[in-house]
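Use these hints to put chain W onto chain Y, whose structure you have.
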Amino acid sequence: AQSVTQPDIHITVSEGASLELRCNYSYGATPYLFWYVQSPGQGLQLLLKYFSGDTLVQGIKGFEAEFKRSQSSFNLRKPSVHWSDAAEYFCAVGARGYSTLTFGKGTMLLVSP
Amino acid sequence: DAGVTQSPTHLIKTRGQHVTLRCSPISGHKSVSWYQQVLGQGPQFIFQYYEKEERGRGNFPDRFSARQFPNYSSELNVNALLLGDSALYLCASSSPVASGGAAETQYFGPGTRLLVL
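Respectively, the protein sequence lines represent chains Y and W. Numbering of the first sequence is given in our numbering, commencing with residue 7 and proceeding in unit increments. Numbering of the second sequence is given in our numbering, commencing with residue 361 and proceeding in unit increments.
Okay, chain Y solo, but in the shape it has when bound (with noise of 0.2 Å):
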């Protein structure tokens, strides 16, 4: 069975920081990885998505991903954080030809000024 682990449930950071958010994987064959952002009260909205190819995706708003294989992660980075930012964000993995979705239990970023 395909699990997500996001081992950090809150991260604080300063506006204009770097950010980096966590997600190691668990799942048997190619994993498909997606990481969404959920502002509150509000629906998943895709920030990006890896399928195959080039490991280093590029994303909505400024975010990127790597997935490192060897590690079993794929970890959202940002290089200077708004304020806007603020929200949870969400790991998932899916599998090849479907669209069932497992998610992580999601990272709430804080944005200090």
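Hints were generated in silico from the structure; no laboratory data involved. Where a beta carbon is used, it is the ideal one built from N, C-alpha and C, also for glycine.
Derived, one-sided and incomplete: chain Y residues facing chain W with beta-carbon distance under 10 Å: (1) Gln12; (2) Phe40; (3) Tyr42; (4) Gly47; (5) Leu50; (6) Phe96; (7) Ala98; (8) Thr108.
Once the Cα atoms are required to be at most 30 Å apart in a straight line, the calculated DSSO-like pairs of lysine-lysine come out as: (9) Y:Lys111 to W:Lys373; (10) W:Lys373 to W:Lys412; (11) Y:Lys55 to W:Lys390; (12) Y:Lys111 to W:Lys390.
Frame of chain Y; chain W shown alone:
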């Protein structure tokens, strides 16, 4: 283009009642999935429908059921509501990829927040 829409946005029910949640997918998407997100947790897969057929089911009791209509919209029904059913219910739509292709990308609606008292 309109995104995934869900109705109602909020709902309050009492234990033992029945609830129906509705979802309209993105135009052109034929697959709809339902997820339950309990406070403080990530979304959990409940059902997926494609072309009106159930394509997948998560680990939820038989009190949960769903269906998909010819226009690809979908309903999620929950019978005999329990306090633990209080959650944000998310609908996602996707467009199937060719066999053996990459995973489908799911696009989520704003959700229906259900409170069971």
